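Enquirer: Just so you know, we're using the numbering used here here: the sequence shown kicks off at 11 and counts up by one.
No wet-lab data here; the hints were simulated from the structure.
From a predicted model like this one, the values you see are computed outputs, not experimental measurements.
Hints may be right or wrong, so weigh each one.
List of simulated lysine to aspartate or glutamate pairs, DMTMM-like, C-alpha gap at most 20 Å [to be verified]: (1) LYS47 - ASP24; (2) LYS47 - GLU70; (3) LYS27 - GLU55; (4) LYS39 - ASP80; (5) LYS39 - ASP16; (6) LYS39 - ASP24; (7) LYS27 - ASP51; (8) LYS27 - GLU70; (9) LYS27 - ASP80.
Across the chosen pairs, the derived CB separations fall in these ranges [as the list claims (entries may be wrong)]: (10) GLN40 - THR73: 28 to 34 Å; (11) ASP16 - HIS79: 16 to 22 Å; (12) TYR29 - LEU83: 28 to 34 Å; (13) THR73 - ALA37: 30 to 36 Å; (14) GLN40 - TYR76: 14 to 20 Å; (15) HIS93 - PRO45: 18 to 24 Å; (16) ASP51 - ARG18: 27 to 33 Å.
Where is the CB? At the ideal position from N, CA and C, for every residue including glycine.
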Amino acid sequence: MPKSADIRRWIGLDIHKSYFVAVGVDAEKQAVFGPHKITNDQLEEWGRSHLQSTDAIVMEMTTNTYLFHDTLLPLVGSVIAVHPPNVRLVTG
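Could you put the whole structure together from the sequences, leaning on the hints where they help?
Expert: Structure below.
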(Lines of atoms letter the chains of each structure in order from A; the text may use other names.)
(Lines give C-alpha, C1' and ligand atoms only; values in the text may rest on other atoms or scores of the structure.)
Protein backbone atom coordinates (compact mmCIF):
# COMPACT_ATOMS: atom_id res chain seq x y z
CA MET A 11 0.00 0.00 0.00
CA PRO A 12 1.43 3.41 -0.89
CA LYS A 13 2.05 5.96 1.82
CA SER A 14 -0.35 8.91 1.85
CA ALA A 15 2.35 11.01 0.14
CA ASP A 16 2.29 8.53 -2.76
CA ILE A 17 -1.44 8.97 -3.37
CA ARG A 18 -1.93 11.12 -6.46
CA ARG A 19 -5.66 10.84 -7.12
CA TRP A 20 -8.74 10.47 -4.95
CA ILE A 21 -11.67 8.55 -6.36
CA GLY A 22 -15.18 8.82 -4.95
CA LEU A 23 -17.71 6.07 -5.64
CA ASP A 24 -21.44 6.47 -5.16
CA ILE A 25 -22.64 2.87 -5.18
CA HIS A 26 -26.19 1.87 -6.07
CA LYS A 27 -27.91 -1.49 -6.45
CA SER A 28 -27.07 -2.01 -10.15
CA TYR A 29 -24.64 0.81 -10.99
CA PHE A 30 -22.12 3.18 -9.49
CA VAL A 31 -20.95 6.70 -10.24
CA ALA A 32 -17.22 7.45 -10.10
CA VAL A 33 -15.51 10.83 -9.87
CA GLY A 34 -11.77 11.42 -9.58
CA VAL A 35 -9.71 14.44 -8.54
CA ASP A 36 -5.99 15.12 -8.25
CA ALA A 37 -4.03 16.83 -5.46
CA GLU A 38 -5.09 20.25 -6.77
CA LYS A 39 -8.74 19.11 -6.62
CA GLN A 40 -8.96 19.25 -10.41
CA ALA A 41 -11.26 16.68 -12.01
CA VAL A 42 -9.33 13.86 -13.65
CA PHE A 43 -12.44 11.96 -14.73
CA GLY A 44 -16.13 11.62 -14.22
CA PRO A 45 -18.73 11.58 -13.29
CA HIS A 46 -18.89 8.16 -14.96
CA LYS A 47 -21.99 6.00 -14.52
CA ILE A 48 -21.00 2.33 -14.77
CA THR A 49 -23.05 -0.82 -14.27
CA ASN A 50 -21.84 -2.98 -11.39
CA ASP A 51 -21.16 -5.91 -13.70
CA GLN A 52 -18.49 -3.75 -15.40
CA LEU A 53 -16.69 -2.95 -12.13
CA GLU A 54 -13.59 -5.08 -12.66
CA GLU A 55 -13.12 -4.06 -16.30
CA TRP A 56 -13.65 -0.38 -15.43
CA GLY A 57 -11.17 -0.62 -12.55
CA ARG A 58 -8.45 -2.17 -14.68
CA SER A 59 -8.78 0.51 -17.36
CA HIS A 60 -9.26 3.61 -15.16
CA LEU A 61 -7.54 3.08 -11.81
CA GLN A 62 -3.89 3.37 -10.81
CA SER A 63 -1.86 1.94 -7.95
CA THR A 64 -1.49 5.47 -6.53
CA ASP A 65 -5.26 6.05 -6.30
CA ALA A 66 -7.23 6.19 -3.05
CA ILE A 67 -10.89 5.20 -3.22
CA VAL A 68 -13.56 6.40 -0.83
CA MET A 69 -17.05 4.92 -0.91
CA GLU A 70 -19.97 4.86 1.45
CA MET A 71 -21.05 1.64 3.14
CA THR A 72 -23.77 -0.17 1.23
CA THR A 73 -24.86 -3.71 0.47
CA ASN A 74 -22.17 -3.99 -2.25
CA THR A 75 -19.28 -2.66 -0.16
CA TYR A 76 -17.37 -5.94 0.16
CA LEU A 77 -17.67 -6.71 -3.55
CA PHE A 78 -16.28 -3.28 -4.45
CA HIS A 79 -13.56 -3.42 -1.78
CA ASP A 80 -12.33 -6.88 -2.73
CA THR A 81 -12.43 -6.17 -6.47
CA LEU A 82 -10.70 -2.78 -6.36
CA LEU A 83 -8.14 -3.15 -3.55
CA PRO A 84 -5.58 -5.05 -5.69
CA LEU A 85 -5.70 -2.21 -8.24
CA VAL A 86 -5.22 0.85 -6.01
CA GLY A 87 -3.33 2.17 -3.02
CA SER A 88 -6.27 2.14 -0.63
CA VAL A 89 -10.00 1.61 -0.39
CA ILE A 90 -11.91 3.26 2.44
CA ALA A 91 -15.54 2.48 3.24
CA VAL A 92 -17.29 5.19 5.23
CA HIS A 93 -20.52 5.12 7.21
CA PRO A 94 -22.90 7.32 5.14
CA PRO A 95 -23.33 10.11 7.73
CA ASN A 96 -19.52 10.47 7.86
CA VAL A 97 -18.88 10.82 4.12
CA ARG A 98 -18.79 14.61 4.40
CA LEU A 99 -16.06 14.37 7.08
CA VAL A 100 -13.83 12.31 4.79
CA THR A 101 -14.46 14.24 1.58
CA GLY A 102 -14.04 17.64 3.23
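Enquirer: Next, verify each hint and record whether it holds.
Expert: Hints, one by one, checked against the model:
1. LYS47 - ASP24: holds (9 Å)
2. LYS47 - GLU70: This hinted pair holds, its Cα atoms lying about 16 Å apart.
3. LYS27 - GLU55: Holds - the C-alpha atoms of GLU55 and LYS27 are around 18 Å apart, at most 20 Å.
4. LYS39 - ASP80: violated (27 Å)
5. LYS39 - ASP16: Roughly 16 Å between the alpha carbons, so the hint for LYS39 and ASP16 holds.
6. LYS39 - ASP24: holds (18 Å)
7. LYS27 - ASP51: holds (11 Å)
8. LYS27 - GLU70: holds (13 Å)
9. LYS27 - ASP80: holds (17 Å)
10. GLN40 - THR73: 28 to 34 Å: holds (32 Å)
11. ASP16 - HIS79: 16 to 22 Å: Between ASP16 and HIS79, where Cβ atoms are some 20 Å apart, the hint holds.
12. TYR29 - LEU83: 28 to 34 Å: violated (20 Å)
13. THR73 - ALA37: 30 to 36 Å: holds (32 Å)
14. GLN40 - TYR76: 14 to 20 Å: For GLN40 and TYR76 the Cβ distance comes to about 31 Å; the hint is violated.
15. HIS93 - PRO45: 18 to 24 Å: holds (22 Å)
16. ASP51 - ARG18: 27 to 33 Å: 28 Å Cβ-Cβ, so the 27 to 33 Å window holds.
In summary, the structure is inconsistent with hints 4, 12, 14 from the numbered list given earlier, while agreeing with the others.
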